[in-house]
Amino acid sequence: MGKRALVLSGGGGRGAYEVGAIRALYRAGWIPEIFVGTSIGAVNAAALAAGWTAERLVDFWMRLRTHHVHRLHGRIWRSLFTTAPLRATLIRYLDFDRLNDPDNPRVLLVLATDLLRGCPVVFANRPVPKARRVRIGPEHLLASCSIPYVYPATPVEGSLFWDGAVMANTPLNAAIEAGADEIVAVLLAPMPGEAGGWPLPRHPLQALALVLDLALLATFENDYRQLEAVNRAVRQGRPLKPGHREIRCDVIAPSAPLPLSRILRYDPSGTQALIAQGEADAQRVLKALRS
1 MGKRALVLSG
11 GGGRGAYEVG
21 AIRALYRAGW
31 IPEIFVGTSI
41 GAVNAAALAA
51 GWTAERLVDF
61 WMRLRTHHVH
71 RLHGRIWRSL
81 FTTAPLRATL
91 IRYLDFDRLN
101 DPDNPRVLLV
111 LATDLLRGCP
121 VVFANRPVPK
131 ARRVRIGPEH
141 LLASCSIPYV
151 YPATPVEGSL
161 FWDGAVMANT
171 PLNAAIEAGA
181 DEIVAVLLAP
191 MPGEAGGWPL
201 PRHPLQALAL
211 VLDLALLATF
221 ENDYRQLEAV
231 NRAVRQGRPL
241 KPGHREIRCD
251 VIAPSAPLPL
261 SRILRYDPSG
271 TQALIAQGEA
281 DAQRVLKALR
291 S
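In UniProt numbering, the protein residues as written are 1 to 291.
Worth flagging that the hints you see were computed from the coordinates, not collected in a lab. Take the hints with a grain of salt, since some may be wrong.
[Claimed, not checked] Taking lysine-lysine and the DSSO-like style, the derived pairs with C-alpha atoms no more than 30 Å apart in a straight line are:
| id | residue 1 | residue 2 |
| --- | --- | --- |
| 1 | Lys130 | Lys241 |
| 2 | Lys130 | Lys3 |
| 3 | Lys3 | Lys287 |
| 4 | Lys241 | Lys3 |
[What the hints assert, rightly or not] DEER-style ranges, computed between Cβ atoms:
| id | residue 1 | residue 2 | range |
| --- | --- | --- | --- |
| 5 | Pro102 | Asp250 | 26 to 34 Å |
| 6 | Arg238 | Ser159 | 36 to 44 Å |
| 7 | Arg238 | Asp181 | 36 to 44 Å |
| 8 | Ser159 | Asp181 | 45 to 53 Å |
| 9 | Gly2 | Ser269 | 33 to 41 Å |
| 10 | Leu116 | Glu246 | 16 to 24 Å |
| 11 | Gly2 | Val134 | 22 to 30 Å |
| 12 | Ala280 | Pro155 | 19 to 27 Å |
| 13 | Arg63 | Gln236 | 44 to 52 Å |
| 14 | Arg78 | Val134 | 19 to 27 Å |
| 15 | Arg238 | Arg71 | 14 to 22 Å |
| 16 | Pro85 | Glu221 | 31 to 39 Å |
| 17 | Lys287 | Val134 | 14 to 22 Å |
| 18 | Arg265 | Pro239 | 20 to 28 Å |
No experiment lies behind these values; they were computed from the predicted model shown. Backbone N, C-alpha and C define an ideal beta-carbon position, used for all residues, glycine too.
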């Protein structure tokens with residue numbers, strides 16, 4: 001059996017949808033060795049890479065509240081919210097020693113955007129091509145979660161970082177570089193062209209979120225189509241480059257846009273609904289794979 005990679009995208013409180021999908025995958029016996037995450041997806045990926053079960057992740061999310069993640073910033077010219085509560089939450093619940101233990105068989109890749117250099121950076125707890133090998137700590141997860149202006153940029157290793165979603169919301173290439181043969185990507189918005197209609201944003205923050213969703217879904221679609229082209233060429237016996245191999249990639253995504261209001265809200269009722277939706281969508285994908 002080849003290496004399995006779980007790729008989790010960003011979307012704030014909508015990350016509960018990923019948790020439902022993860023529970024369905026784990027219950028079906030689909031357990032990855034490689035975890036790739038952007039923004040809230042990086043937090044979920046880090047928890048799993050540190051050895052959490054799917055049920056423990058569900059329990060964590062059901063206890064999570066908005067004040068555990070952010071609060072209004074006193075200096076709104078810098079950002080609307082501070083991530084100090086999220087830092088405290090990560091330190092309290094995640095075992096970073098276990099995550100970075102050389103004997104930990106799970107690979108974690110966290111994507112962030114280097115603001116000063118204008119490029120994406122992949123932080124890794126293991127040596128992986130094109131990734132920066134580091135001891136992953138709360139600062140790397142915060143860097144991946146730092147939505148521009150909503151949250152302040154996060155300083156890491158002499159630079160400033162914004163949310164990884166700024167340049168690549170669902171980093172398929174990072175999973176491929178880590179040696180994945182089978183990928184499941186969980187999106188927090190419908191695949192391009194498959195949604196019945198996008199909700200109109202009610203305020204500037206929702207407008208920003210919608211713009212990021214649309215732009216970054218286009219980036220994912222481009223990466224996904226490129227991977228399909230590589231796979232076709234490999235199957236036909238004429239790989240586009242030496243070393244190309246066929247890599248299966250399945251996508252779990254909502255059929256309609258998730259509420260934009262959930263990006264900044266964390267509460268039990270909304271979380272429970274998103275978990276149920278993610279689990280149901282994942283079960284449909286798993287059923288199709290078995291048939």
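Exercise. Within 36 to 44 Å or not, the Cβ separation of arginine 238 and aspartate 181?
Worked result: 20 Å, violated
For this session: Could you tell me whether the CB distance from alanine 280 to proline 155 stays inside 19 to 27 Å?
Result: 40 Å Cβ-Cβ, so the 19 to 27 Å window is violated.
Problem set entry | Consistency of beta-carbon spacing, glutamate 246 to leucine 116, with hint 16 to 24 Å | At 38 Å between Cβs, range violated.
For this session: Please test the hint of 44 to 52 Å on the beta carbon pair from arginine 63 and glutamine 236.
Result: 50 Å, holds
Exercise. If you check the beta carbons of arginine 265 and proline 239, does the distance land in 20 to 28 Å?
Worked result: Hint violated: Cβ distance 46 Å, outside 20 to 28 Å.
Exercise. Taken at face value, is the distance from the CA of lysine 3 to the CA of lysine 241 at most 30 Å?
Worked result: 21 Å, holds
For this session: Given the hint that lysine 3 pairs with lysine 287, test it: the Cα-Cα distance must not exceed 30 Å.
Result: Since the Cα atoms of lysine 3 and lysine 287 sit roughly 21 Å apart, the hinted pair holds (cutoff 30 Å).
For this session: Using the beta carbons of proline 102 and aspartate 250, state whether their distance is inside 26 to 34 Å or not.
Result: About 31 Å separates the Cβ atoms of proline 102 and aspartate 250, which means 26 to 34 Å holds.
Problem set entry | Verdict for lysine 287, valine 134 (Cβ pair) under range 14 to 22 Å | 39 Å, violated
For this session: Verify the proposed pairing of lysine 130 with lysine 241, using a straight-line Cα cut of 30 Å.
Result: 18 Å, holds
Problem set entry | Verdict for proline 85, glutamate 221 (Cβ pair) under range 31 to 39 Å | 34 Å, holds
Exercise. Given a hinted range of 14 to 22 Å, is it respected by the beta-carbon distance of arginine 238 and arginine 71?
Worked result: 56 Å, violated
Checked against the numbered hints above, the structure violates hints 7, 8, 10, 12, 15, 17 and 18; every other hint is satisfied.
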